[in-house]
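Each protein sequence line maps, in turn, to chains U and B. Numbering follows the working numbering, in which position 505 of the first sequence is assigned residue number 628; successive positions increment by one, without gaps. Numbering follows the working numbering, in which position 140 of the second sequence is assigned residue number 183; successive positions increment by one, without gaps.
To be clear, the hints were calculated from the coordinates, so they are not data collected in a lab. Positions of the beta carbon are idealized from the N, C-alpha and C atoms, including for glycine. Please note that a few of the clues may not be correct.
Here are the simulated distance ranges between beta carbons [stated by the list, open to error]: (1) B:131 / U:637: 57 to 65 Å; (2) B:136 / U:389: 33 to 41 Å; (3) B:131 / U:389: 22 to 30 Å; (4) B:130 / U:249: 49 to 57 Å; (5) U:511 / B:216: 52 to 60 Å; (6) U:303 / B:217: 40 to 48 Å; (7) B:131 / U:816: 25 to 33 Å; (8) U:299 / B:217: 32 to 40 Å.
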Amino acid sequence: MSNDLVTPDDSCGNSIRLSRRRFLQVMAGTAGALVVGIRMADAADAPLPPALLGDNFHDLGAYVRINAEGNVLIGARDPDTGTGVATALPRIIADELDADWTRVSVVPLGLGVTSNNGQPRWTYGRQIGGIGGSIPAAWNDLRQVGAVARWLLLQAAARRLGVPGDQLRCDAGMVIARDGRRFTYGELAADASKIALPTSVPPLKKPADYHLIGKPVGDIDARSIVTGLTRYATDEHYADALVAVLVHCPWADGTLAHIDSTATLAVKGVVKVVQLKPEPGQAWGNTVIAPAVAVLAEDTWSALQGRQKLKLEWKPGASGSESSYALEQQASALLAGKTDPTTRVRNDGDVDAAGKKAARRLDATYFQPWLAHATAEPMNCLVRLDKDHASLVVPTQAPQKAWAVVQRLTGLTPAQIDIKVPRIGGGYGRRLDHDYVAEAVMLAQAVDKPVRLLWTREQDLGHDYYRSGSVHQLSVTIDRKRQLLGWKQRTASASALAHRNVPDNRLWTSELQADQLPAALVPNYRSDWYALDSATPRGPARGMPHLSNAFAVESFIDEIAHSMKEDPLVTHLRVLGDPREVPLSSGGTMDTGRLANVLKLVADRIDWKNWLRTVNGLGIACWHVEGAYVAHAIEVAMQGEKLIIQRVVCAVDVGRVINPLGLEGQLAGATLDALSTALNLAITFKDGQIQQHGYKDYPLASMAQLPNAVEVIIVPDDDRPPAGASFLAMPTAAPALANAVFRASAVRVRRLPLMKELLRML
Amino acid sequence: MAPVQAQALPTNPDSGIVPEKVRDGIDLQINGEHYRHTGDPQMPLLWYLRDVLRLTGTKYGGEHGDNGADLVLLDGKAVSAIAQPLARLAGAQVVTVEGLAGNDGTLHPVQQAFIDEDAIGCGYCTPGWLIAAVELLRRKPHPGDDDIDRLPNLCRCGCQTRVRRAIKRVAAGKAGKA
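Build out the structure end to end from the sequences listed, making use of the hints.
This is the structure:
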């Protein structure tokens, strides 16, 4: 396939050649209003199924194209980092469309943007992947997209048959009349594409009529992935592009003191050496992450050899004296002292007065390490800049944010920037930032040629927007009836939102949840956040802020049970109380019945009633995340110093499920990710320099360390709209594991990573 | 096997066309096709596959192979492509993920089993898992959990339990069957 730029917009009518890769664009508003803006715009230039190339496709709205043979092309709006949205979102459209899934091909849409008086107008609305919002948003607006396309086909058939549209029905790619006459979608597509779009949303299907939603289906890209044909951004290429590899300054705020690139430039294939600097005043994630020297060459091997021959001296900035150890000491000192918190996140009742009436009191402090993203596909970006056009292939979770970076650096108008987003090799929040896009654009400007930027593994771990470590001090008071009277949580950490133009009074939101357990369930509850100041770059991370807090809170509830010599399941269920909807400060509610239900489900499955009798250790934990409920039960065995995770059960209630197989994979995967993180992973830094350089010292769990299976239970709950599940299974895995380890070994691990702490304490 | 020696080519004195001299190089087979590498003999196989041949199924995993995304079969053995300078590969037979399926598009049973079990996260490291699984099943058609535990691959998406199921499915002869 050619990588040449798609020719500019020339509005060629509704029926277009596929090779022009255009979509008619309709924007469906989220509130049910259909915003119809018909115009042609450049859309996905992604690899298309060869069988479809050159065929004549007809547009039925922004996301759907059908050719005469009845092949259906559906656009996937949100970047798929492995979460399955490229399968699930088109399924939602295809169901409303009554399409035959075996005839559907999915095309990643890339960024949809046009100019609106010089301002960007987002053609597809929200486009963001991997933060748990894709499915809920799609449920609101993509069903309408499918309904509009279906309505167009019905109208076309009605006109042809001379009967009213309401006397026709659709089934598996066909419109069928009462007298049995029928047309395939392929036969109707050309006519349907000429019919004016409806001014209001046609009625949506009844849930009883869904034929795809709720049915399991494998990943849409599975075949092309297992045959090695799926092209990630790092696989894309322009023939005249130079490959760029970088050396970053060890300190984000450091400077380049000396450079000698003579030997580098002598390497065959090396074209140029370019220095990069963060733009002053720009927020983290919007510009170069640290000063850097780039080697540009004709191919990767030459560039890497040239990079090895660079002679560089760096000078540290203020962060040069920072260490993760000192920051933790500082956090502990803050929590031990009497200073006021940076933010009082929640304060219900009077937690101090409640303490005076208590029969018992328990305190514990939990420690979380700094973490990296460690995506499988390192940061990379392909960019071509022309005088009035920029064309990029970017592995981004947030193409609109990538657009803003390109726009700022190039000054181009919104529609002159074309951003394609192929399938992505893992995101976990790292790709909500676009430092690598800034780097690639700056380099393309410096060499006046297309640039293919590639980070090495070492850089990827060593120059990240990390997740801050944190210290959580918990204190509970309990009355004689074993009811929790008061709960205090004090957390100290460096906010992920600092240096990102977020007001100071909102910096806590990446560190604590005002509504996290057991808030709203304990009459006297207070949570305070203490800010740590750090120059080490930080940013969005998977499961933030649930991950760190769930470990502390759910471990602590287990400790409370132990202190009362009680079954932790009983303690948990008492904290949750009767099934009811508890109002939350976010405006939503938490259903204690649904939460208790998933907890009981995992307990039953793992044979919890024998929790004291088994020689192995059992542990449980539960959590709620924006209308979704999750619980884990884990069984471990200790063989000397070896920890064996025997069984893992995960239950969730996410409301309606779009693709149960995809959800199961996502839950099993997030569980393993959380276990791997909890067992092994920590980023440390000394003199401001990250001490982990590869998987050798940032060891994702091996196959042997992980359980052989994750048993997933999905609560059928079609009465509620779907909630996001991207990281849902992460928060409860670590506390369930630590609680199980406690039962198996009598060692209470309050500091992660668990293996290191366990071996220290055994 | 020694590299093929450059030979003097016959020329037709009447045509005036002198064919280009066959250049010295490293001959190897990749997915059954013959290739001759005439560039830097120290170039690792990974960059030859990705940059020169544009066979991008084999992924960069790190400077030392790291997560196993760059595994290929070299004379039947799973090795990191980045650790194989072409100089060492004269006469070698390499199979990449693109070469696992038959020429008619029939999937290798391991590929089919990965689809059957949906053993895919983001998919970036999947080619490496496939190569490692193919090698394991060739060595040991009925691998135990201990054998599967020794696979070198890493994955943050958490495809490991589904990969395990896929390997067992192949061992049970059930790939492609319900």
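Hint check results:
With their beta carbons about 60 Å apart, residue 131 of chain B and residue 637 of chain U fall inside the hinted range of 57 to 65 Å. Evaluation of the 33 to 41 Å hint for residue 136 of chain B and residue 389 of chain U yields a pass: the beta carbon distance comes to about 36 Å. Taking the beta carbon of each, residue 131 of chain B and residue 389 of chain U are about 25 Å apart, inside 22 to 30 Å as hinted. At about 51 Å, the beta-carbon gap between residue 130 of chain B and residue 249 of chain U stays in the expected band of 49 to 57 Å.
Checked against the hint of 52 to 60 Å, the C-beta distance between residue 511 of chain U and residue 216 of chain B comes to roughly 59 Å, which is consistent with it. With their beta carbons about 41 Å apart, residue 303 of chain U and residue 217 of chain B fall inside the hinted range of 40 to 48 Å. Between residue 131 of chain B and residue 816 of chain U the CB atoms are about 26 Å apart, so this pair conforms to the stated range of 25 to 33 Å. A hinted range of 32 to 40 Å holds for the C-beta pair residue 299 of chain U and residue 217 of chain B, which are about 38 Å apart.
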